[in-house]
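Going down the list, the protein sequences come from chains A and B. Okay, so the first sequence: first residue is 11 according to my numbering, each after it adds one. Okay, so the second sequence: first residue is 405 according to my numbering, each after it adds one.
Please note that a few of the clues may not be correct.
[What the hints assert, rightly or not] A few chain A residues that face chain B, going by a derived Cβ cut-off under 10 Å, partial list only:
1) H15
2) C24
3) Q62
4) L63
5) S207
[Unchecked claim] Okay, derived cross-link-like pairs now, SDA-like style, lysine to any residue, Cα gap no bigger than 25 Å in a straight line:
6) K453(B) with E135(A)
7) K523(B) with D58(A)
8) K539(B) with E135(A)
9) K137(A) with Q62(A)
10) K462(B) with D81(A)
11) K436(B) with D216(A)
12) K453(B) with E284(A)
13) K434(B) with G79(A)
14) K436(B) with A312(A)
15) K137(A) with V565(B)
16) K537(B) with D70(A)
17) K537(B) with G64(A)
18) K539(B) with D81(A)
19) K523(B) with G79(A)
20) K537(B) with R290(A)
21) K436(B) with D70(A)
22) K537(B) with G79(A)
I should point out that these hints are in silico values taken from the structure, not numbers from a laboratory. Idealized CB from N, CA, C, for every residue including glycine.
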Amino acid sequence: MLERHVARQLTAYCHQELTAAEFSRVQQHLEVCEPCRREYDNIRATVDLASQLGLQEAPDSLWGDVVRGLDHAPVTSPGAPVGAARPVWARWALTGAALLLISALGAGWYHWRLSRPSWEVARLEGKPKVGWSAIGETGRIAVGDWLETDSSSRALISVGDIGEVEVDPDTRVRMVQARDTEHRLRLARGTLHVTISAPPRYFVVDTPSAVATDLGCMYTIEVNRDGIGHLNVQYGWVAFELNGRESFVPADATCETRPFVGPGTPHYEDAPAELVASLRRFDFENGGGPELAIVLSNARKADAFTLWHLLARTAGEARSRVYDHLADLVPAPEGVTREGILRLDRDMLDLWWNALGLDDASWWRIWKGPFPQSPQ
Amino acid sequence: MTMHKVDTGVIESCRQGDREALRVIFEAYKDKVYSLALCYLNGDVAAAKDLTQEVFIKLITRLEQFRGDAEFTTWLYRVVANACLDERRKGRRWFSLEDSVEVGHMVVRKSLETLQLQKEMADGVKSAVAQLKPKLRIAILLKYFDDLSYQEIASVLGCSVGTVASRLNRGHRMLARKLAHLRNSMNAGD
């Protein structure tokens, strides 16, 4: 069973914005939970640092600028006129027809819904909807249902016994599957904050431009109205894939994804700005050699995992350059040859990955293999 | 810190077009508006001046929209927040990746004097805040520049208290990672 960690309440706890009951719960939890206590120390220190943001004196010339601007300010216009109203008889006719249709469908739909797997949904703010209906304090989302939040609502989905998903405002997400070994959502737009404690592959989020497979973690995934996605991992790992183009994103790293292209090359959130900008152009704007050169010249030792991903996204002379820079940052270990890497030998790539100081490749290779068959 | 109260007489005089009344409001809030804009725009002085000017012009030209059903400061900060968030839609350079500074690098490079260190800390925090996404950034700045409560921030931004809490928490977690170097330097006494 997933513990009720308090990471989401820590900033409000520092700002004393929790209710008395919530404050007490967080306080008691911190006494017994080491990971949350470490996170609290980080948040507390950040609050202390942010409190040093000081006022800056506005320039003396500013009033003169305001006066000059007022002298040229346009007159605000009145509100737009209201549109023409529909005839009364037409409104009643439409309402009656809609009610009949809803009644006829409702009975059959209700019976069908009861038979489908479902998860609990808690209302956090406002009026999140499952299907057409706003949920109360709690509701349920079943396979095939859409959960939608408007600009003032939020919700929390309990994903079976393996975790939870916090749904931000302006989000539309569908429950696709709920089996013992596969829990699947489809994010059409908006933002999800995911916390999962389960073996790899047990939780998946489909987006318009890539599939995010949980490998045991905490992450945020966001999709805008153009289908462009962003994945930020706070803890653990996430695999991001579309049509064979895959990225493995560790904690404190991020990955962008675009429709028809798939996931870009992942990088740490604190990677050098020049590297990030050129990587984006290389991934999505046919940046080519010049952009790759900037990425390579700005890569730190920590960015070796980014270069490792670039091996499979380059070819020929470009791949050789990536190999050379990666070898400078992290020497190729025993058993890895230049020739093997240049032809993308899987075993050698995994050996070099293991030398980067991140998790062992064999652990997340599990997600690529078939699930073990149940004994007969 | 409590929210400032603006005299209703001053507001009414402003509505009548009294420039001196606007001057009173301007003098009361100019530093906070300018500081918030400057931090939001990552130290771009020219852009911060433009945004501050825009805020006070909007203040007087749209004052008839202030119906007195909320604190004047809430309404003022709403104008400020919308102006900041509009910066991105206008296509102005609100944050340049080429201008970003590695926060930890600043501390290592300069002097070890305490006051200098404090300045570097503040600069580092401002730089890190400027790298946040706009919605997270504006929530952080409203909290720390005028110590607004979550409810007050929610009123300014037109969202729920829960959304404010969520944005502040995510913003702080991102800042915590970006400011790790500063915390290490502070603890080491550098």
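- [ ] Compare the distance between the alpha carbons of K436(B) and A312(A) with 25 Å, and conclude whether the hinted pair is satisfied.
- [x] Roughly 39 Å separates the two Cα atoms, so the pair is violated.
TODO: Mind checking the alpha carbons of K436(B) and D216(A) for me, to see if they're no more than 25 Å apart?
DONE: Given that 25 Å is the threshold and the Cα spacing comes to 44 Å, the pair is violated.
- [ ] Please work out if K137(A) and Q62(A) have their alpha carbons no farther apart than 25 Å.
- [x] Given pair K137(A), Q62(A) is violated - Cα atoms ~37 Å apart, limit 25 Å.
- [ ] Verify the proposed pairing of K523(B) with G79(A), using a straight-line Cα cut of 25 Å.
- [x] Distance of about 34 Å is beyond 25 Å: violated.
TODO: Identify whether the interface hint at Q62(A) stands, where standing means a beta carbon of chain B within less than 10 Å of its own.
DONE: 5 Å, holds
- [ ] Given the hint that K539(B) pairs with D81(A), test it: the Cα-Cα distance must not exceed 25 Å.
- [x] 32 Å, violated
TODO: Take the C-alpha atoms of K436(B) and D70(A), compute the straight-line distance between them, and say whether it is at most 25 Å.
DONE: 14 Å, holds
Task: Restraint status (C-alpha distance of K537(B) to G79(A) at most 25 Å) - done: 30 Å, violated
TODO: Verify the interface restraint on S207(A): the C-beta must sit less than 10 Å from at least one C-beta of chain B.
DONE: 19 Å, violated
Open item on the list: Tell me if the straight-line CA distance from K453(B) to E284(A) falls inside 25 Å.
Closed with: Violated - the C-alpha atoms of E284(A) and K453(B) are around 28 Å apart, more than 25 Å.
- [ ] Would you check the hint for K539(B) and E135(A), treating anything up to 25 Å between C-alpha atoms as holding?
- [x] Holds. K539(B) to E135(A) sits at ~18 Å (cutoff 25 Å).
Open item on the list: For the restraint on C24(A), tell me whether the closest CB of chain B is nearer than 10 Å.
Closed with: With a closest approach of 8 Å, the C24(A) hint holds.
Of the numbered hints listed earlier, those contradicted by the structure are 1, 5, 6, 9, 11, 12, 14, 16, 18, 19 and 22.
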